[in-house]
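What follows is the residue order along each chain.
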Amino acid sequence: MATDPSISLKIRTALAEYLKRDSATILTTQHLRDDLGLDSMAVIELLYRIEEAFDLQIPDQDLVGLTNVGHVVSYVEKRLEKTASAAPTKKPAKPSKPKGKKKS
Amino acid sequence: MRSRVVVTGLGIVSPIGIGVSDFWKAALAGQSGISAITSFDPFPMDGYRSKVAGQVRDFAVERFVDSAHGERVDRYAQFALVASKEALADSGLQMAKENPHRVGVIVGAGMGGMVMGEREITQLYQQQKPHRVHPNFIPVITLNSASGIIAMAYGAKGPNLTISTACSSSAHALGQALHSIREGRADVVITVGADASITPLVFAGFCSLRALSSKFNDHPEKASRPFDRLRDGFIMGEGAGTLILESAAHAKKRKARVYAEIAGYAATSEAYHMVIPREDGLEVAHTMRLALADAGVTPAQVDYINAHATSTTIGDAVEVRAIRRLFKSCADKITISATKSLIGHTLGAAGAIGGIASVLALHTGQIHPTANYDDPDPACALAGLSRSAQERRVKVALLNAFGFGSNNAAVVFKHVKRET
Chain A
1 MATDPSISLK IRTALAEYLK RDSATILTTQ HLRDDLGLDS MAVIELLYRI EEAFDLQIPD
61 QDLVGLTNVG HVVSYVEKRL EKTASAAPTK KPAKPSKPKG KKKS
Chain B
1001 MRSRVVVTGL GIVSPIGIGV SDFWKAALAG QSGISAITSF DPFPMDGYRS KVAGQVRDFA
1061 VERFVDSAHG ERVDRYAQFA LVASKEALAD SGLQMAKENP HRVGVIVGAG MGGMVMGERE
1121 ITQLYQQQKP HRVHPNFIPV ITLNSASGII AMAYGAKGPN LTISTACSSS AHALGQALHS
1181 IREGRADVVI TVGADASITP LVFAGFCSLR ALSSKFNDHP EKASRPFDRL RDGFIMGEGA
1241 GTLILESAAH AKKRKARVYA EIAGYAATSE AYHMVIPRED GLEVAHTMRL ALADAGVTPA
1301 QVDYINAHAT STTIGDAVEV RAIRRLFKSC ADKITISATK SLIGHTLGAA GAIGGIASVL
1361 ALHTGQIHPT ANYDDPDPAC ALAGLSRSAQ ERRVKVALLN AFGFGSNNAA VVFKHVKRET
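Going down the list, the protein sequences come from chains A and B.
Just so it is clear: in the first sequence, position 93 is 93 by the numbering used here, and no numbers are missing.
For the numbering used here, count along the second sequence from 1 and bump the result up by 1000.
It should be emphasised that the hints constitute simulated quantities derived from the structure, not laboratory data.
On a predicted model such as this, the values are computed, not experimentally measured, just so you know.
C-beta: ideal position from N, C-alpha, C; glycine also.
Be a bit skeptical, because a hint or two may be false.
Cross-link-like lysine-lysine pairs, in silico, PhoX-like; alpha carbons within 25 Å at most [what the hints assert, rightly or not]:
1) A:LYS78 with B:LYS1129
2) B:LYS1253 with B:LYS1333
3) B:LYS1085 with A:LYS20
Label-pair ranges, simulated between beta-carbon atoms [unchecked claim]:
4) B:ASP1058 with A:TYR18: 32 to 42 Å
5) A:ARG21 with B:SER1388: 48 to 58 Å
6) A:ASP39 with B:SER1388: 50 to 60 Å
7) B:ASP1058 with A:ARG21: 47 to 57 Å
8) A:GLN61 with B:ASP1046: 41 to 51 Å
9) A:LEU27 with B:PRO1135: 20 to 30 Å
Sample of chain B residues lacking proximity to chain A, with all beta carbon distances greater than 12 Å (derived) [claimed, not checked]:
10) ALA1026
11) PRO1044
12) ARG1063
13) GLU1183
14) LEU1230
15) GLN1301
16) LYS1395
So that you can see chain A by itself, here it is in the shape it has in the complex (with noise of 0.2 Å):
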């Protein structure tokens, strides 16, 4: 599960349809920022549909280090493998996504 090669696809295809352009153009190499052309909104916008199509929570503290297309990947692919054995997330401040009602 851990280097599902469809994480990589479904992102590259989400930030491809955002962008209107081909995925195979789109590198992992590739910063978001100076590579693909996107500004914070689009960023977050980017994300947006990121979380929706993984079903995940991205908490604020994690974006920093989102900054190019492999980070985004890799930051999924250790998301989901964490979500699947129900481990807490890799960042020492709280887990990102608290299961159940609980207010954070």
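Could you slot chain B onto chain A? The hints should help.
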């Protein structure tokens, strides 16, 4: 001496045409843009008392404007962008040659981004997932999204304002644009009215107010009938109108074609009732009087009135009463028409679209019909109303617009000889 202000460009998105040429042809032919609302996807119209509206059909924003702007805003702002693109092209204004800080944008909008607004609110309440509210929700529903996106599309860095006074919003936008230029704060103001809120909740709200016509659901084209005896409420419409206003000196310098002068404006409040006008028409008459005085013309000089005339029982009668009160024996010499008879009530866009009809009357000498004025209501009778197009050399035109919240506006346009 204060600067004179002229209209040099027009653009429109309406239920009877996208583009001024199509709109005007349809308007002169008395064509109705009112049709049945088939569904508010996903639910049917059964629970709505009124089932008809002036809808802009087959509108695809990407056919008209750059997706970087068009796709980031709600339908009303898309209409505003498209109307403004046409108006700017029509004016011949080249932004590259202008001082951008001298070009402003003033938009009148009554409801704003309700398409996305309603969708997001519904989803939030149904699904209770606050993290799934779209990141663009706030920028889209913010009421100045249209004035903002127009400025971004054209690099207009002058005064950027949005006026929201319900159904008179864009009449006030015209007035405030006139003031901005008169006061020397801008050379050019892209002046817009826009609304697109034929949406499940807003439509239901107007139904619940018992403000909409419900007798003509089977004959939509007959439903909007200002001043007619059988009128029973207004018809919601949607659209946008843009008028490029600029100082006469600026227009002359760049040898612009001038449609008309915008010469006077008045804004008042009846301080009376949220949705009901004063029945004696006193405040409406006062508003028209102030606008004419601002323009330096007498009531006897008015040739044409583009009436607010929404097709409500009380509103139309009050407007006629006010016209009789102010114009007295001249009232029956004035040619009058109701643009809403053709397209319904476009709310925040109504002032700008009525303004376009007024400017075209001055410019072409043709006045569009008042559709469905079949059986004149004695309470609204005026000799200058007709269900046919009329021809007249119009030198002074008056635009009326009244809005919920007890507010009134009137704008005066004047004919301009070929040379400004």
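Against the structure, the hints come out as follows:
Distance restraint check for A:LYS78 and B:LYS1129: the Cα-Cα separation of roughly 23 Å lies within the 25 Å cut-off, and the hinted pair is therefore satisfied. Annotation: proposed proximity of B:LYS1253 to B:LYS1333 is violated, straight-line Cα distance about 37 Å (limit 25 Å). Pair hint B:LYS1085 plus A:LYS20 holds up; C-alpha atoms about 23 Å apart against a cutoff of 25 Å. Between B:ASP1058 and A:TYR18, the C-beta spacing of about 26 Å breaks the proposed range 32 to 42 Å.
In this structure, A:ARG21 and B:SER1388 meet the distance hint of 48 to 58 Å, their C-beta atoms being roughly 54 Å apart. Between A:ASP39 and B:SER1388, the C-beta spacing of about 54 Å keeps the proposed range 50 to 60 Å intact. For the hinted restraint 47 to 57 Å between B:ASP1058 and A:ARG21, the CB-CB distance of approximately 27 Å leaves it violated. Between A:GLN61 and B:ASP1046 the CB atoms are about 49 Å apart, so this pair conforms to the stated range of 41 to 51 Å.
Roughly 25 Å separates the CB atoms of A:LEU27 and B:PRO1135, a value that falls within the hinted 20 to 30 Å. Distance check on B:ALA1026: its Cβ is at least 34 Å (rounded) from any Cβ of chain A, clearing the 12 Å threshold; non-interface status holds. Separation of B:PRO1044 from chain A is adequate, the least Cβ-Cβ distance of about 29 Å exceeding the 12 Å criterion. The Cβ of B:ARG1063 lies farther than 12 Å from every Cβ of chain A, with a closest approach of about 15 Å, so its non-interface assignment holds.
The Cβ of B:GLU1183 sits about 35 Å from the closest Cβ of chain A, beyond the 12 Å cut-off, so the non-interface label holds. Every beta carbon of chain A lies more than 12 Å from that of B:LEU1230, the smallest distance being close to 50 Å; the non-interface claim holds. At roughly 52 Å, the least C-beta separation between B:GLN1301 and chain A is larger than 12 Å, which holds for a residue marked as non-interface. With a closest Cβ-Cβ approach of about 50 Å to chain A, B:LYS1395 is found to remain outside the 12 Å limit, as its non-interface label requires.
The structure is inconsistent with the numbered hints 2, 4 and 7, although it conforms to all the rest.
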